[in-house]
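Heads up: the sequence lines are chains A and B, in that order.
With the UniProt record's numbering, the residue at position 244 of the first sequence is 244, and numbering never jumps.
With the UniProt record's numbering, the residue at position 462 of the second sequence is 462, and numbering never jumps.
Everything labelled a hint here was simulated from the structure, so no lab data went into it.
Errors might be hidden in some of the hints.
In silico negatives: residues of chain A with every beta carbon more than 10 Å from chain B [what the hints assert, rightly or not]:
(1) Ser45
(2) Met112
(3) Met160
(4) Leu168
(5) Leu218
(6) Leu240
Computed list of lysine-lysine pairs in DSS-like fashion (alpha-carbon distance at most 25 Å, straight line) [what the hints assert, rightly or not]:
(7) B:Lys439 to A:Lys172
(8) B:Lys271 to B:Lys439
(9) B:Lys271 to A:Lys174
(10) A:Lys172 to B:Lys395
(11) A:Lys172 to B:Lys271
From the three backbone atoms N, C-alpha and C, an ideal C-beta is built for every residue, glycine too.
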Amino acid sequence: MMKNIPLSALIGLVITATYFIAAALAPVIAPYGMAEVVGDVWEPSSAEHLLGTDQIGRDLLSRMIYGGRTTIWIATLATILSFATGSTLGFFAAVMGGWVDMALSRLVDLFMSIPSLILALVILSSIEATVVTLIVLMGLLDSTRVYRLARAVAVDISVMDYVEAARLRGEKLKWIIFREILPNALSPLVAELGLRFIFMVLFISTLSFLGVGVQPPLADWGGIVKENKEGINFGIGAALYPAVAIATLAISVNLVADWVLNRTTSLKGGRG
Amino acid sequence: MSDTLLKVRGLKIGATVYPPGEKPHDIDIVHGVDFDLERGKVLGLIGESGAGKSTIGLASMAYGRGGVKITGGEVWVNGRDILKTGIKDIRKLRGAEVTYVSQSAAASFNPAKKIMDQVIEAAVEQKKFSRKDAEQRARTLFAKLGLPDPDNIGERYPHQVSGGQLQRCMTALALCPEPDLVVFDEPTTALDVTTQIDVLMAIKEAIADTGVAALYITHDLAVVAQVSDDIMVLRMGNTIEYGDTDQIINRPQDEYTQALVSVRSIEHEEKAPTPEPVLSVKNITARYKGTNFDVLHNVNVDLHPGQTLAVVGESGSGKSTLARVITGLLPPRDGQIDFAGRTLSNDLAGRSLEDLRELQMIYQMADTAMNPRQTVGTIIGRPLEFYFGLRGEEKRKRLIDLLDEIELGEKFMDRYPAELSGGQKQRVCIARSLAAKPKMIICDEVTSALDPLVADGILKLLLDLQKIENVAYLFITHDLATVRAISDSIAVMYQGRVARYGSKSEVLSPPFDDYTDLLLSSVPEMRLGWLEEVVANRKMESAGN
């Protein structure tokens, strides 16, 4: 499986793995504590502080590593939740058809008609923003997009003769959804997975930047931008590091997703 | 030699393949083919799918479809080697000197433009005719091809004419720029037999009138025998035999050609009906949801245990709808279905597991009837598990038995459908339905997507299995040769009604009603002059006209 891996995917894999490992091992590799004040305000980079310090003198590299841990953790769980709900409901609607499909699809349309950021802001103003509520909220809001894709893909598959053959055999819904449709819908879903994960990273960062996401003293990338944004006026780039981190993570995750996509579609007979 | 229009020498064509788990590599799909075509002559290229016949046809326009590359040889058209000329000259050649008629006119016409605009496009684009002259020429061609209302038919859109008419419009399109050579790529394969005759006759006359040369590509030897002067038999990119039509049809030299000519060697003794039919369709009337038009009118047929009922008819006659009604996918408006001594629920949801198990179905397209992500073992094993609760070693043993029965064997168990040939796929589908130990199997056009020799093998297998398992077949087909080969009784369907029904010998003996006569006489026969004969003797217009 690992042979013939293209260079682009290898680069993506290495960078993505680095981020995830850094996130998992944050307490071990971070040079200082997350909320530890260790220097002066906005020190430039030096041997002790590779990325300098932030607006109250905390080590920025440590903040970035801990922040990445929070951001990636929340984004990953929210993506999993979003795909689990979105694709299951989407497949269900496609297989059932009729009024079930109609009711579910219109409900989803209703949610999609409200910009998700505004909806999230409204909801977060009335409930407390903990890590769990953030994950559930983001996962469910995003599952509407996954639902749309999953339903569209599954509608095409559910009219195939092999699905009809399964129905004629008397198969239950569970088999039809998870054994007949899911394996054939995997390629487009995997491609979407990479993209959705990045949207989640951006979403949680946006929420934190606006002050309703991850609450201090917990660090996350959006929060670091918010805390250090004033620095830009003085020519201090501390707020730009999270942006670079988000961008490189986005690109590398999608390089991997592309490769997985190519691999699954080149399985002979796979859907294009 | 001055009359030679197309001269092909040592034509080699290759393509890049991408097998899973291996590095992409190049393979040869045509290994050095030679032929000559004189002005006004027709050369038939014949072979099974994958023989390279379409690829050779397109190569005569210096074109390779979908990653196919011409890797060697010479193609001389009008005295110049078109493989050596630049793309500019080739562009002048295509649509002017050489034109192309594809298999599916319905998929080739742009549905948003009028037929006339598309028919004259190449001729005007290539500055062969002015727009006005081209339209005039198109109308003449429409008339020559026997299209109704030739002066105005060009003003219609493609969906406003029938399939057979559209195929003739495509022939007009190809002939409009006064080409020297027309490549016909399976122009009648997608049509019903009765419509095929009209199109064949039209093409043949148009070729004779305009004096163009033609390459006629088909897998049906009986069809090519009607239109071509010479025939070239291809197999896996090699020339098997090349000679004039009379010699190929009447004195084939090569073993493979002989097999093609004598295909349908199956003999089947008709069995007498038993007192108790396994399936009894009573007064079925059905229509599709949201329409106000009955597709089936009062259909009554019986099927006896261990026997075969063939349901024959053209597309649109309601034969596949009948299958959907019997399986419960389309609840009928009226009537009832008795199966194995009980009355079946009209609706799929109301049927017991036992009902479902005993009534199995095999589809026309084995490709789409199997989940591409499941192995053969899973596909055939699922009914064993689902209906009989077989697990582990027990299931494996039964699976191997079934694979042996369909003549594939144990080694196929872990293969995916994409790793099987067309015939093997259909065999796996047969095994899947047999795994349920059914009393009856509905076979919906199971051989029509297969090459004749492969189809023959499938039919033989079905007949053998019928003897062993005593299973009844409801065999839906449009192919009368198949019907003759395997049926015990026949129902001829026409416009949603059973036009003729009885034992095979009754249905196939005179006196015939007009429709059965038309259907029977339309089956291409492998002899010269058959086409003219049948057109002269017809009593009834075909439906596609």
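Against the structure, the hints come out as follows:
no.: 1; hint: Ser45; verdict: holds (46 Å)
no.: 2; hint: Met112; verdict: holds (28 Å)
no.: 3; hint: Met160; verdict: violated (5 Å)
no.: 4; hint: Leu168; verdict: violated (6 Å)
no.: 5; hint: Leu218; verdict: holds (42 Å)
no.: 6; hint: Leu240; verdict: holds (42 Å)
no.: 7; hint: B:Lys439 to A:Lys172; verdict: holds (23 Å)
no.: 8; hint: B:Lys271 to B:Lys439; verdict: holds (17 Å)
no.: 9; hint: B:Lys271 to A:Lys174; verdict: violated (43 Å)
no.: 10; hint: A:Lys172 to B:Lys395; verdict: holds (21 Å)
no.: 11; hint: A:Lys172 to B:Lys271; verdict: violated (39 Å)
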